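Participant: So you can see what is in the structure, the chains are spelled out below.
Protein chains: 4
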Amino acid sequence: VITHTVAAKMIEAAQKKAGELGLAASVAVVDDGGNLKAFARMDGALLGSANAARRKAYTAAVSGMSTAKWFDMVTGNTALGMILGTGMEGVLFLPGGEPVLIDGVLSGAVGVSGGQADQDAQIVDAALAQIG
Amino acid sequence: VITHTVAAKMIEAAQKKAGELGLAASVAVVDDGGNLKAFARMDGALLGSANAARRKAYTAAVSGMSTAKWFDMVTGNTALGMILGTGMEGVLFLPGGEPVLIDGVLSGAVGVSGGQADQDAQIVDAALAQIG
Amino acid sequence: VITHTVAAKMIEAAQKKAGELGLAASVAVVDDGGNLKAFARMDGALLGSANAARRKAYTAAVSGMSTAKWFDMVTGNTALGMILGTGMEGVLFLPGGEPVLIDGVLSGAVGVSGGQADQDAQIVDAALAQIG
Amino acid sequence: VITHTVAAKMIEAAQKKAGELGLAASVAVVDDGGNLKAFARMDGALLGSANAARRKAYTAAVSGMSTAKWFDMVTGNTALGMILGTGMEGVLFLPGGEPVLIDGVLSGAVGVSGGQADQDAQIVDAALAQIG
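Chains as they are written, first to last, in this note's numbering: chain A, 0 to 131; chain B, 0 to 131; chain C, 0 to 131; chain D, 0 to 131.
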């Protein structure tokens with residue numbers, strides 16, 4: 000599982016990377032139940048980024064799939080996206096959410112919102128690098 | 000009506016079929032009021048499958064129509080799907096939900112999420128076979 | 000305003016017309032605040048018809064516009080329909096909801112769900128005929 | 000921040016402009032937390048305008064972006080609009096919501112619903128003119 004200590008390190012690493020990119024971002028870490036374990040909204044981050052980061056993490060946790068893959072799938076099939084978007088509570092199919100695997104087991108997820116898709120991805124990667 | 004005993008048999012049969020297919024699925028049975036009567040999320044099933052199975056069963060129960068038919072209708076008419084998806088609470092238009100008819104009367108529904116559409120359909124069929 | 004007595008007559012007239020058409024329908028009457036004033040779900044009507052009738056009436060009441068007109072507008076502009084469908088709580092853009100005008104003033108609405116669009120419209124008309 | 004006094008002046012100016020245009024509108028002012036600070040629904044304004052005005056203001060506040068820009072973006076990319084519309088609570092991507100900047104800092108927003116897009120924009124401008 001993702002301990003509180005690990006979750007805090009993930010948040011810290013993500014914030015550091017966001018700072019290096021000159022961004023103010025929201026970062027969310029959820030556990031294997033999809034529930035929030037740690038969260039930070041950096042000073043200056045838009046209010047909307049909080050919801051987005053949390054939903055990206057939740058989406059990755061309950062599906063075991065990157066939200067970047069969801070985004071590609073959904074933009075390629077609007078009808079399917081509409082079905083899933085209105086039928087699955089709490090999801091957001093924007094890039095920036097990645098599942099966390101520990102010893103190959105889906106153990107939670109991290110979600111980031113604050114920059115462009117490639118910037119959010121870099122911040123996510125910084126968080127994932129804290130997983131042993 | 001779908002008794003607790005019958006609902007439990009439906010869940011058991013569905014889980015057995017899922018196991019044979021090498022899948023971990025969620026299975027939901029709702030009564031003629033659309034309310035959950037029995038439910039199981041197998042070990043290893045994604046968190047998102049729970050919501051999906053419950054919504055598929057609910058959709059079939061309140062409409063009296065297979066969610067596979069809803070899926071075909073909605074993907075063929077995105078505007079209609081958008082209207083219905085945002086205007087009907089609790090629905091999900093993905094295949095895997097079937098109404099339960101007892102003596103020709105709509106008595107509830109079963110919903111499954113865990114595999115591809117044809118796999119979910121086989122699991123649904125295993126559950127429906129428990130209806131006398 | 001729509002009194003309880005008038006609302007009850009509207010429901011009764013609508014049910015009578017539905018019966019003549021061989022349909023089991025849900026009928027909802029809302030007041031000038033968009034709140035439910037009277038409602039009936041006929042025996043045999045699908046569960047989903049209750050939500051649909053209530054939402055159609057609500058949509059007509061808060062917009063002052065027929066849901067048949069909303070349906071035409073939304074199906075002709077899916078992006079607009081998506082914006083409105085996800086951004087306006089409680090609405091449903093399917094035909095079968097009509098505002099009630101008393102002395103030219105928007106005073107509430109009636110919504111019907113149970114048959115095809117033209118059948119629902121006939122049932123709505125029967126209800127509206129009760130307005131002096 | 001937007002003080003209560005300033006918010007009240009914004010509402011008053013907006014109502015005055017709406018009256019000049021012969022419209023009955025709803026006007027909402029939200030603070031830097033996206034929460035309602037002041038609101039008015041003019042006599043005769045449709046019920047639906049209240050929700051719309053509040054959501055437009057909220058959308059501008061949490062994104063720091065005009066809802067007119069959101070509208071253009073979303074109508075040009077329905078898939079993205081669907082993702083955002085279903086995944087971001089409380090938003091509405093219709094023109095008529097503008098962020099309020101005080102000394103260059105995002106400090107809240109104003110939202111208007113009552114007329115055509117260009118009319119709502121004039122009413123929004125009247126409210127924004129109250130910001131020093």
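It cannot be assumed that every hint is accurate.
Same chains, same label: a pair holds when it works inside one copy or across any pair of copies.
With a cut-off of at most 25 Å between alpha-carbon atoms, the simulated SDA-like pairs for lysine to any residue come out as follows [as the list claims (entries may be wrong)]:
{"id": "1", "residue 1": "Lys15", "residue 2": "Glu88"}
{"id": "2", "residue 1": "Lys68", "residue 2": "His3"}
{"id": "3", "residue 1": "Lys68", "residue 2": "Gln115"}
{"id": "4", "residue 1": "Lys15", "residue 2": "Leu79"}
{"id": "5", "residue 1": "Lys8", "residue 2": "Leu20"}
{"id": "6", "residue 1": "Lys68", "residue 2": "Val0"}
{"id": "7", "residue 1": "Lys15", "residue 2": "Thr74"}
{"id": "8", "residue 1": "Lys68", "residue 2": "Gly43"}
{"id": "9", "residue 1": "Lys8", "residue 2": "Met72"}
{"id": "10", "residue 1": "Lys15", "residue 2": "Gly75"}
{"id": "11", "residue 1": "Lys15", "residue 2": "Val104"}
{"id": "12", "residue 1": "Lys8", "residue 2": "Leu79"}
{"id": "13", "residue 1": "Lys15", "residue 2": "Met72"}
{"id": "14", "residue 1": "Lys68", "residue 2": "Ala116"}
Just so you know, these hints were derived from the structure itself, not from any lab.
Only a predicted model underlies this, so the values are computations on that prediction, with no experimental measurement involved.
Participant: Against the structure shown, which of the earlier numbered hints fail to hold, in ascending order?
Facilitator: Those not satisfied are hints 1, 2, 4, 7, 9, 10, 12, 13.
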